[in-house]
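Each chain, letter by letter, is given below.
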Amino acid sequence: MSLLIYGLIQSITLALYAVGFSLVYGVSGIANFSHGAIYILSGYLIWAGLNLLNFPYALSFLMAICLTGFLGFSFYWILLYRVRGIPLAELVVTFASGVAILELMTWAGFSGIRYSLPPVVFGSVEVFDVSLDYQRLMVLGTGIFLVLGLYLFVHHTRIGLAFRAMAQSERTALSIGIESDWVGSLSMALGSAVSAVSAVAILPLGIMEPTIGYEVLIYALAVAIVGGLESTPGMVAGGFVIGYGQLITAKFFGPKWMIIVPLLIIILVLAVKPSGIFGKMKELEERV
Amino acid sequence: MKARVRKKRLDRGIKARTDTIFLVASWKDILYVLMPRALPVLILLLIPLFLGHYENKVLFHACVYGLLALSFDFLANCGLFSLGQSFFFGVGCYFVGIYDKFLQIPIYLSIPFSAISTGVVCAALLSPVVRLRGVYFAMITLILPMLLMKLVEATGVMGGSHGMPGIKGFPNEEVGVYLGIITFLFLIFFLRRLMGSDYGLVLRAIKEDDRSVMSSAINIYWYKVQAIFIAACIGGFAGAITTHHFQFLGMSSFALDYSILPIAATALGGQGTFAGAALGSMILVPLSELLRELGGLRMALYCGILVSCILLLPEGLFHFLSRRYHQFQVEAKVE
Chain Y
1 MSLLIYGLIQ SITLALYAVG FSLVYGVSGI ANFSHGAIYI LSGYLIWAGL NLLNFPYALS
61 FLMAICLTGF LGFSFYWILL YRVRGIPLAE LVVTFASGVA ILELMTWAGF SGIRYSLPPV
121 VFGSVEVFDV SLDYQRLMVL GTGIFLVLGL YLFVHHTRIG LAFRAMAQSE RTALSIGIES
181 DWVGSLSMAL GSAVSAVSAV AILPLGIMEP TIGYEVLIYA LAVAIVGGLE STPGMVAGGF
241 VIGYGQLITA KFFGPKWMII VPLLIIILVL AVKPSGIFGK MKELEERV
Chain D
1 MKARVRKKRL DRGIKARTDT IFLVASWKDI LYVLMPRALP VLILLLIPLF LGHYENKVLF
61 HACVYGLLAL SFDFLANCGL FSLGQSFFFG VGCYFVGIYD KFLQIPIYLS IPFSAISTGV
121 VCAALLSPVV RLRGVYFAMI TLILPMLLMK LVEATGVMGG SHGMPGIKGF PNEEVGVYLG
181 IITFLFLIFF LRRLMGSDYG LVLRAIKEDD RSVMSSAINI YWYKVQAIFI AACIGGFAGA
241 ITTHHFQFLG MSSFALDYSI LPIAATALGG QGTFAGAALG SMILVPLSEL LRELGGLRMA
301 LYCGILVSCI LLLPEGLFHF LSRRYHQFQV EAKVE
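From first to last, the protein sequence lines stand for chains Y and D. Counted from 1, the first sequence has number 215 at position 215 by the numbering used here; the numbering is strictly sequential. Counted from 1, the second sequence has number 160 at position 160 by the numbering used here; the numbering is strictly sequential.
These aren't lab readings, by the way, just hints derived from the structure by calculation. Hints may contain errors.
Claimed, not checked - Within a straight-line C-alpha distance of at most 30 Å, the following computed DSSO-like cross-link-like pairs (lysine-lysine) qualify:
| # | chain 1 | residue 1 | chain 2 | residue 2 |
| --- | --- | --- | --- | --- |
| 1 | D | K168 | D | K57 |
| 2 | D | K150 | D | K101 |
| 3 | D | K150 | Y | K256 |
| 4 | D | K8 | Y | K273 |
| 5 | D | K57 | Y | K273 |
| 6 | D | K150 | Y | K251 |
To be verified - In silico contact screen, one side only, chain Y against chain D (beta carbon under 10 Å); selected entries:
| # | residue |
| --- | --- |
| 7 | L104 |
| 8 | T157 |
| 9 | G160 |
Glycine included, every Cβ here is placed at the ideal spot set by N, Cα and C.
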């Protein structure tokens, strides 16, 4: 039972890593490799709000979301705008700036016990004889909230509909007056903000250090590849496959083999269904 | 009467209407054609004799990163954009560990063996994903070395996170340096020639339009596997000579440096011609050596160089310089 529940939390965590990445990719086709860096940066922003500015949690959280959102937005206009349409140049630019952010943070020495976030909510609850603290429940809640919220957002608001139009066909969207650069930059902003939201749910559970950024990027990519890059349900499915796969491996073969699981699942998925579990046919052509 | 002069392009008389066929009439013309090729070779071959111990180490590093940059550029020329040269590099290092420590093979066999084994293993490991293109292939190659590094750390094979000291070294330092330089120079010319041949034509066509290559009844996946084999051999060779040079083997061979710096070098030097990648690594590695006291900040610096090169100098240094060279003008008297 504890396997089932902790597997659920682990899976949602993985899905949360990937949601922001897949949102940006699905809308604008930018593979945002700086995702991990932005995620961990938002964690440090919250920390700074709590400890340096002495804000309450909610306020520093809000500040982190706004700042990372703005960071994603300006990232688009300063860097990506110039290389838009060349996928590999986009990739190198995002990746290099992500690594630059992470290495700068490592250099500045942002690691250690001092830089850890307190849990947002204290206490724990018994679920089916398994003790579960509220912070982990909050991960679950954030996951459900984000997936539902994103679904409602892209189906029922003007900007969300513009996002979907962009995702389907950039040129047609342009012809009905949706400016692709604006939508692209907004998607970067939203994707970064989403990663900040997941950071506030996940980061208090463990330590905070810049190398986590790489880990988040690896898992986000793995989940996104398994689930199908652009679909939010795919992220959840990919998260579940990898999360439960890892926990089961850890239980039966020992935790040191956990790291092979994403690799094996990726290769398996690519060999059987290259577009991912929830990927569409259109993607299949692009990928293969 | 004042002598009238006009500007004359040097290459007009030498190039017979194309860029590739030369019409040489004098020693000067031959010099014009040969100098850009011969001069770097001569400099690279002679310079280790005049440098000290430390500078030779830097030169060795530059050659190793140059080999990785060549391997990156070669794969990019085949339409396979790899973010994980450190994968090839690290696998090459660990093969040296196997051959040297467990099988006790002499050094002049272990280097070629590990280069070829790296080629075989990497081509086999990447063969399920050669069907992927562009960004997707890049993602996989980015993940692979990171996961392998964690695997080594977790399972503790080959020394785990402590690494393995006591690998046999070169008989003396110059042998290693010259091995690096000669292979590096040979590969620049070999890969340029290869890309010009019919075989290279297929590889370049896969980059431009793989559908049309498929429609000419060519199995592009098999060609891509071969390309990965070649690139992995080069990367594995770089790893092998590095391991023998430092007589140490560790997890750091999967580090991000070995992926990022070759890409930055290629972006700086210019993609497509292997000379650009070589030039870029010859500039970047000594530069980063100069900035050694910056420590962890160097990585951020590479990334900064990489981003600014892509944004500001998209064609690369080599293309820029070669255009300048071909547009070189002298003053000629008008009769």
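Query raised in the report: Which of the listed hints are not met by the structure?
Result: 4, 5, 8, 9
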